[in-house]
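Engineer: Chains A and B supply the protein sequences, listed in that same order. For what it's worth, our numbering labels the leading residue of the first sequence as 129, then goes sequentially. For what it's worth, our numbering labels the leading residue of the second sequence as 129, then goes sequentially.
These are calculated hints, taken from the structure and not from any lab test. Some hints here could point you the wrong way.
Any copy, or any two copies together, can satisfy a pair, since identical chains are not distinguished.
Claimed, not checked - Within a straight-line C-alpha distance of at most 16 angstroms, the following computed EDC-like cross-link-like pairs (lysine to aspartate or glutamate) qualify:
no., residue 1, residue 2
1, Lys157, Asp143
2, Lys215, Glu355
3, Lys145, Asp156
Remember, predicted model here, so these are calculated numbers, not experimental data.
Protein chains: 2
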Amino acid sequence: MKRTYLDYAATTYIDPKVLKKMKPYLADKFGNPSSLHAAGREARFAIEQARIDVAKVLGCEGKEIIFTGSGTESCNLAVFGIANFYKDKGNHIIISKIEHPAVLEAAKKLENQGFEVSYLNVDANGLVDINELKEALKKDTILVSIIYANNEIGTIQPIAEISEIVKNFRQKSGAVSLFHTDACQAAGALDLDVKKLGVDLMTLNGSKIYGPKGVGCLYISKGVNLEPVIVGGGQESGLRGGTENAALIVGFAEALKMADKIKISESKRLAGLRDYLIKNILKITRSRLNGHPEKRLSNNINVSIKGVEGEALALMLDKYRICASTGSACSSRKLAPSHVLLAIGITPELAHSSLRLTLGRKTTKKEINYVLKVLPEVVEKLREISSIKI
Amino acid sequence: MKRTYLDYAATTYIDPKVLKKMKPYLADKFGNPSSLHAAGREARFAIEQARIDVAKVLGCEGKEIIFTGSGTESCNLAVFGIANFYKDKGNHIIISKIEHPAVLEAAKKLENQGFEVSYLNVDANGLVDINELKEALKKDTILVSIIYANNEIGTIQPIAEISEIVKNFRQKSGAVSLFHTDACQAAGALDLDVKKLGVDLMTLNGSKIYGPKGVGCLYISKGVNLEPVIVGGGQESGLRGGTENAALIVGFAEALKMADKIKISESKRLAGLRDYLIKNILKITRSRLNGHPEKRLSNNINVSIKGVEGEALALMLDKYRICASTGSACSSRKLAPSHVLLAIGITPELAHSSLRLTLGRKTTKKEINYVLKVLPEVVEKLREISSIKI
Numbered sequence: 129m130k131r132t133y134l135d136y137a138a139t140t141y142i143d144p145k146v147l148k149k150m151k152p153y154l155a156d157k158f159g160n161p162s163s164l165h166a167a168g169r170e171a172r173f174a175i176e177q178a179r180i181d182v183a184k185v186l187g188c189e190g191k192e193i194i195f196t197g198s199g200t201e202s203c204n205l206a207v208f209g210i211a212n213f214y215k216d217k218g219n220h221i222i223i224s225k226i227e228h229p230a231v232l233e234a235a236k237k238l239e240n241q242g243f244e245v246s247y248l249n250v251d252a253n254g255l256v257d258i259n260e261l262k263e264a265l266k267k268d269t270i271l272v273s274i275i276y277a278n279n280e281i282g283t284i285q286p287i288a289e290i291s292e293i294v295k296n297f298r299q300k301s302g303a304v305s306l307f308h309t310d311a312c313q314a315a316g317a318l319d320l321d322v323k324k325l326g327v328d329l330m331t332l333n334g335s336k337i338y339g340p341k342g343v344g345c346l347y348i349s350k351g352v353n354l355e356p357v358i359v360g361g362g363q364e365s366g367l368r369g370g371t372e373n374a375a376l377i378v379g380f381a382e383a384l385k386m387a388d389k390i391k392i393s394e395s396k397r398l399a400g401l402r403d404y405l406i407k408n409i410l411k412i413t414r415s416r417l418n419g420h421p422e423k424r425l426s427n428n429i430n431v432s433i434k435g436v437e438g439e440a441l442a443l444m445l446d447k448y449r450i451c452a453s454t455g456s457a458c459s460s461r462k463l464a465p466s467h468v469l470l471a472i473g474i475t476p477e478l479a480h481s482s483l484r485l486t487l488g489r490k491t492t493k494k495e496i497n498y499v500l501k502v503l504p505e506v507v508e509k510l511r512e513i514s515s516i517k518i
Numbered sequence: 129m130k131r132t133y134l135d136y137a138a139t140t141y142i143d144p145k146v147l148k149k150m151k152p153y154l155a156d157k158f159g160n161p162s163s164l165h166a167a168g169r170e171a172r173f174a175i176e177q178a179r180i181d182v183a184k185v186l187g188c189e190g191k192e193i194i195f196t197g198s199g200t201e202s203c204n205l206a207v208f209g210i211a212n213f214y215k216d217k218g219n220h221i222i223i224s225k226i227e228h229p230a231v232l233e234a235a236k237k238l239e240n241q242g243f244e245v246s247y248l249n250v251d252a253n254g255l256v257d258i259n260e261l262k263e264a265l266k267k268d269t270i271l272v273s274i275i276y277a278n279n280e281i282g283t284i285q286p287i288a289e290i291s292e293i294v295k296n297f298r299q300k301s302g303a304v305s306l307f308h309t310d311a312c313q314a315a316g317a318l319d320l321d322v323k324k325l326g327v328d329l330m331t332l333n334g335s336k337i338y339g340p341k342g343v344g345c346l347y348i349s350k351g352v353n354l355e356p357v358i359v360g361g362g363q364e365s366g367l368r369g370g371t372e373n374a375a376l377i378v379g380f381a382e383a384l385k386m387a388d389k390i391k392i393s394e395s396k397r398l399a400g401l402r403d404y405l406i407k408n409i410l411k412i413t414r415s416r417l418n419g420h421p422e423k424r425l426s427n428n429i430n431v432s433i434k435g436v437e438g439e440a441l442a443l444m445l446d447k448y449r450i451c452a453s454t455g456s457a458c459s460s461r462k463l464a465p466s467h468v469l470l471a472i473g474i475t476p477e478l479a480h481s482s483l484r485l486t487l488g489r490k491t492t493k494k495e496i497n498y499v500l501k502v503l504p505e506v507v508e509k510l511r512e513i514s515s516i517k518i
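Make the full structure from the sequences, and use the hints.
Structural biologist: Structure (structure tokens):
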């Protein structure tokens with residue numbers, strides 16, 4: 129029986145066209161991009177072309193793009209980088225309560241070091257409270273970091289509106305108040321034009337856009353400075369030490385170009401499948417949708433089903449060769465309920481009853497129908513066991 | 129004309145057998161290792177097997193191995209990780225003057241933050257001054273970091289002897305004084321048994337051992353604690369956030385196993401070629417060997433040739449399709465003379481006249497003879513131009 133992979137938000141496969149572009153750099157074109165000889169230059173050339181390609185998608189200049197080893201590293205570089213560079217100008221950071229751990233844990237670490245962190249509440253649909261943001265901004269604010277589209281519940285924030293508020297405050301107050309968005313989940317689905325979005329920093333990575341794992345990028349608007357997190361040979365304009373990885377960088381750029389090119393048609397297709405799936409899952413009694421009903425990623429379904437443990441549900445689905453998740457992959461091995469689900473105000477019990485299904489390029493109506501056949505049966509079985517327990 | 133690649137210390141190609149092992153994880157087996165479902169588990173299983181394989185080569189336990197995104201990141205994790213975890217127990221760090229920038233720049237950053245750093249001198253052959261080490265150790269010393277085999281001049285340090293000194297001091301004084309070695313260049317050439325070496329932490333990476341770029345590992349002896357550098361989803365026992373990269377990790381483990389298996393025979397073969405090359409290069413007038421005449425990596429040749437600019441020499445060799453380097457790839461785009469060559473006491477002028485040739489698995493006697501034919505001609509030409517200038 130074929131596997132039904134519905135965990136595209138955890139990670140995607142590498143598109144064969146992307147892998148094909150990477151292959152020369154995994155084989156003959158293996159030179160160190162910092163070497164001056166021909167073998168180094170061909171790798172350097174590929175990286176600089178990739179940088180231009182990425183910049184084109186983002187509507188920025190190549191020199192505003194830094195390649196890193198992951199989305200997590202890019203988020204860390206944004207948060208630690210800004211905090212450590214501008215600490216003399218202020219020690220206040222604002223993030224939302226539903227950030228990915230890459231931002232959340234970085235902010236917590238800074239809090240332990242003496243920075244002040246404001247954690248913005250979100251409403252029941254996962255939208256950041258704009259008034260709270262306005263009130264939180266102060267002279268000491270050096271960074272605001274808000275996730276573009278949430279990895280667990282798919283809620284899309286009004287990034288351009290938030291940028292506007294942050295920038296107006298900056299101009300008025302003279303505060304540093306830079307704005308970073310983690311766009312890892314948004315890439316391939318939403319507009320990534322940094323000028324339209326108005327962001328100062330933006331994180332993307334390869335493993336969510338049918339590119340390779342192990343590569344991310346950080347857009348850093350001209351004039352914005354950062355302290356590096358990883359230091360060494362001065363690569364990536366001194367912002368990220370370590371031999372540059374031509375194969376992964378070329379793959380990332382190719383994946384981003386491709387994802388951006390097909391994003392409108394693919395989003396439309398996936399939204400149709402998503403809505404069909406949501407409508408039918410919600411026929412299960414005592415189930416509810418988590419996240420915004422409209423402002424959500426076209427591939428995201430997150431539901432809570434009362435009387436069922438999410439983990440048991442995912443493991444049962446796995447027996448039917450359906451790959452699903454209880455929340456983010458990062459937190460799937462932890463026992464604590466999802467911080468995102470708690471932030472939208474659902475109980476810890478209901479948070480433990482959540483299931484995330486995320487669709488992707490290979491997802492078909494047939495697969496969705498298969499899930500809709502299996503899921504209610506599995507829920508019923510688990511509820512039976514659970515009622516016996518009680 | 130075929131390319132003559134003599135820059136294996138900058139980076140190696142990926143061995144085809146290694147790439148073959150990686151391929152399933154670049155294709156079908158793409159799951160997120162933190163996902164609980166089958167696609168996640170198969171990636172997790174591969175990573176844990178790789179961890180065991182790496183541990184076996186190092187003679188340690190799997191849980192003492194942490195995978196990272198590069199050798200630079202591993203070195204940073206060792207230096208920053210120890211410094212930040214043990215800062216309440218002491219603020220003194222000892223490194224040698226010939227560390228790779230991954231350690232050197234990390235130590236400098238800590239120095240700027242208020243840590244005290246002792247930079248040990250090396251002798252004319254690049255060996256660390258053991259007496260200076262003994263004198264430098266003090267109650268406040270939390271970390272000693274010394275490169276196993278230098279990336280520029282190939283000098284091999286007596287790591288077991290240094291460990292002994294550091295450990296004896298630790299036992300006597302009660303100081304934290306942990307010992308890290310950067311073994312990126314040593315891997316595949318020297319013994320990596322951490323018990324015999326007596327190290328507390330050791331860095332390795334993929335890109336120097338015919339494995340992929342973008343992956344490194346850090347051996348962390350049981351009982352030693354670290355502050356993570358990159359935080360996020362709690363991967364790698366909370367020491368390195370970011371989706372684990374099964375493809376690169378599997379490739380790294382396979383490369384390490386293979387490199388370790390053939391290290392004795394291959395080192396012998398390369399040492400023969402190296403000595404032949406050195407002997408004949410030194411026939412060029414006013415040339416000298418940099419680094420230790422015996423205690424040096426079997427693949428490393430580093431010479432200074434008076435009256436010739438190293439960079440011009442490397443670029444001329446490039447025209448003959450010979451890939452060589454002036455020093456490390458990391459520093460090849462910088463104008464400052466090599467800190468390693470200055471540390472062994474040669475003049476800035478002579479440091480600028482250096483050429484590094486590093487041999488590898490595909491290096492043949494025929495290639496060496498080709499270099500020996502081209503190099504003296506090129507040197508003569510450059511000296512002519514240079515004498516005209518004067």
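Engineer: At most 16 angstroms between C-alpha atoms: does Lys215 with Glu355 qualify within a copy, between copies, both, or neither?
Structural biologist: within (11 angstroms within a copy, 21 angstroms between copies)
Engineer: Quick one: Lys145 to Asp156, C-alpha cut-off 16 angstroms, is that within a copy, between copies, both, or neither?
Structural biologist: between (18 angstroms within a copy, 14 angstroms between copies)
Engineer: Reference check for the pair Lys157 and Asp143, CA-CA at most 16 angstroms: within, between, both, or neither?
Structural biologist: Classified as between: cross-chain Cα gap 13 angstroms, same-chain 21 angstroms, threshold 16 angstroms.
Consistency with the previously given hints is maintained throughout, with no hint failing.
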